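Since the structure of chain R is already known, use the hints to place chain P on it.
Residue numbers (our numbering), protein chains in the order written: chain R, 78 to 416; chain P, 78 to 416.
What the hints contain is simulated information worked out from the structure, not anything from laboratory work.
One should not assume that every hint holds.
It does not matter which identical chain is used: a pair holds within one copy or between any two.
Derived PhoX-like pairs (lysine-lysine); straight-line CA-CA distance at most 25 Å [stated by the list, open to error]:
| # | residue 1 | residue 2 |
| --- | --- | --- |
| 1 | LYS258 | LYS367 |
| 2 | LYS84 | LYS281 |
| 3 | LYS166 | LYS281 |
| 4 | LYS166 | LYS184 |
| 5 | LYS367 | LYS312 |
| 6 | LYS213 | LYS393 |
| 7 | LYS193 | LYS394 |
| 8 | LYS99 | LYS193 |
| 9 | LYS337 | LYS367 |
| 10 | LYS258 | LYS337 |
| 11 | LYS179 | LYS139 |
| 12 | LYS185 | LYS166 |
| 13 | LYS242 | LYS258 |
| 14 | LYS110 | LYS213 |
| 15 | LYS213 | LYS394 |
| 16 | LYS179 | LYS166 |
| 17 | LYS84 | LYS99 |
| 18 | LYS254 | LYS99 |
| 19 | LYS337 | LYS312 |
| 20 | LYS185 | LYS337 |
| 21 | LYS313 | LYS348 |
| 22 | LYS113 | LYS255 |
Note that this is a predicted model, so its numbers are computed, not measured.
2 protein chains.
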Amino acid sequence: MNNPTLKEIALQLGISITTVSKALKGYSDVSEKTKKAVVDLAHQLNYSPNSFAVNLRTKESKTIGLIIPTVIHNFFSNVIEGVLEEAEKRDYMVILLQSNEKLELEKKQIDLLLNKRVDGILISLSNETGEFEHLKAILSHNTPLVLFDKIAKLVNCSKVTINDKKAAYDAVSYLIKKGYKKIAHFRGSYLPQNSIDRFLGYKKALEDHNISYDSSLVFVCDNNMDFEDGYENAKKVVDTHPEIDAIFAVTDLVAIGVIKYLNEVGIAIPKQIAVFGFSNWFMSSVISPKLSTIDQPGFEIGRKSASILFDEITLKKNNSPVVFQSIELETSIIVREST
Amino acid sequence: MNNPTLKEIALQLGISITTVSKALKGYSDVSEKTKKAVVDLAHQLNYSPNSFAVNLRTKESKTIGLIIPTVIHNFFSNVIEGVLEEAEKRDYMVILLQSNEKLELEKKQIDLLLNKRVDGILISLSNETGEFEHLKAILSHNTPLVLFDKIAKLVNCSKVTINDKKAAYDAVSYLIKKGYKKIAHFRGSYLPQNSIDRFLGYKKALEDHNISYDSSLVFVCDNNMDFEDGYENAKKVVDTHPEIDAIFAVTDLVAIGVIKYLNEVGIAIPKQIAVFGFSNWFMSSVISPKLSTIDQPGFEIGRKSASILFDEITLKKNNSPVVFQSIELETSIIVREST
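One chain only, chain R, in its complex shape (with noise of 0.2 Å):
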């Protein structure tokens, strides 16, 4: 490259110009204080022939990726907005992938940020994902990573979430309290630690509630934890097990699904049984009768996950060492007409 900016950059600084081409575009044998001078020397000169050139001096993208298992669903919505919000903020961009709970979609999906040289990538697993080396190569990339809400315990990186063995606890227990005894639990699929975290609330409150625990009462929604997993194993824990007073669905979503069923079929909701969500889903708060939930703060779960990231990007910048966190918001119980 003929290019006479190259030129006084090396010779200011006494190094050769092949360097410099080096130092801007960070190659791992220039020294970071090299990079960095040469950097600095390249902003004073105002080098910048395009935004690409930018990026291989500094070596930032101003952009992240989020990575979704299911943009529709208004949980990760929520979590969307509140990325967006702290984004919008620095003047940052967000690329927005959607796994579709697909394993082999997320990895191809973490390849193409890293190609893209994103700054830092956030991520929700899918429900497949039962291996992380994906994971672990963004780390050994050298690239932020935090993952939130669907997150995987044996990954070293920063977390966000909210406390679901805790909040399952609290609804369930909160069921027995109000004189409930027969509870049913419809549970996520087997592998996302959030649906492992609640099933193990709802079991350990029925164990210190001196209730005992039957398997025979749990029922798997295997079907993207959607609407339709609540109306069909409504219908077949009624058939099955007529004599349950309550049901503890995994999702707002899936307790939707429960109310749709039971409304039809004439059962009453809550007096013959009683229907506990989670998420606090806007429409909970609408349909009749109204969802008993757990409000799971979505948009603070987005913000606070992007906030991190924002700030472990900056520290790498500045070549200062990051401490991993492992956050776990607050969540509350909403008590409605459902219980």
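Below, chain P alone, put in the same frame as chain R:
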């Protein structure tokens, strides 16, 4: 840049290293033919120091921008999902931005996207957008642009919409045929074309069925066409015009606010007042009573807008002429319990 590959390319093509370098950076004083020859040969020689350099060479970012007024709305979540699906097929990435219905933010976000050199931009305009210079800037920048849902008729680009006027006309005509005569309309704010068109469809349906238009039965939803808008306007219309027998709301979210208020004050739906929505959001099928509405195909709108944009990006790359398209997707009436 002391790069042997650049020398090799220059030698093989019989041009200067400076020209090779300029061609790879896409400078306009190098002919398209030369650029193509240089890029092709660079590919053959596997000249790819990093992805930013690839951008420099091909001038493609493999990224598009998507500006949405409100991510949290179920309709836009569907649109996003449609866009992501089309992008995924082509290994493209989507930068998502939320204008929050603010013109200033929309302008800034377009600047960011243009600086980022995205290959194309998709926008649904904010409710404040009544001037269009920032949109024309995209076109004069020679970046493909597709507007969808909330469009500007005066901007010369491809557009994907539904026929809002016809859909509203169909909804109100249906109400009239069912015997409703005093039909109020809770309209959207004044700027968005789709609010205007839905209002015009309402008015025309009345006229064509010899019902005189009464402006005091039209209420504006200026709080983002939100749930609260429906709730508050329902209160107003019931207080000031107890004689009305139906309400046609600009969105399902507004209609759900209406249903909540009418349920609270014990007005029977549809016996005393029928309610008609617009969009067919998921929750409209699970609230009580279930809402009659217009099915607005968000997912298809997203897919179609993205697919037109990608076609235009390809045409541009091949220096082929682009013919702008205006696509109107079909809507249908969904009759449920509320009418």
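Cross-check of the supplied hints:
no. : hint               : verdict
1   : LYS258 with LYS367 : within (22 Å within a copy, 32 Å between copies)
2   : LYS84 with LYS281  : neither (69 Å within a copy, 71 Å between copies)
3   : LYS166 with LYS281 : neither (42 Å within a copy, 45 Å between copies)
4   : LYS166 with LYS184 : between (29 Å within a copy, 15 Å between copies)
5   : LYS367 with LYS312 : both (20 Å within a copy, 21 Å between copies)
6   : LYS213 with LYS393 : within (17 Å within a copy, 39 Å between copies)
7   : LYS193 with LYS394 : both (18 Å within a copy, 20 Å between copies)
8   : LYS99 with LYS193  : both (19 Å within a copy, 23 Å between copies)
9   : LYS337 with LYS367 : both (12 Å within a copy, 11 Å between copies)
10  : LYS258 with LYS337 : within (23 Å within a copy, 32 Å between copies)
11  : LYS179 with LYS139 : between (27 Å within a copy, 22 Å between copies)
12  : LYS185 with LYS166 : between (29 Å within a copy, 12 Å between copies)
13  : LYS242 with LYS258 : within (20 Å within a copy, 54 Å between copies)
14  : LYS110 with LYS213 : neither (28 Å within a copy, 44 Å between copies)
15  : LYS213 with LYS394 : within (20 Å within a copy, 37 Å between copies)
16  : LYS179 with LYS166 : between (32 Å within a copy, 15 Å between copies)
17  : LYS84 with LYS99   : both (13 Å within a copy, 18 Å between copies)
18  : LYS254 with LYS99  : neither (67 Å within a copy, 75 Å between copies)
19  : LYS337 with LYS312 : within (10 Å within a copy, 28 Å between copies)
20  : LYS185 with LYS337 : neither (38 Å within a copy, 44 Å between copies)
21  : LYS313 with LYS348 : within (19 Å within a copy, 35 Å between copies)
22  : LYS113 with LYS255 : neither (64 Å within a copy, 74 Å between copies)
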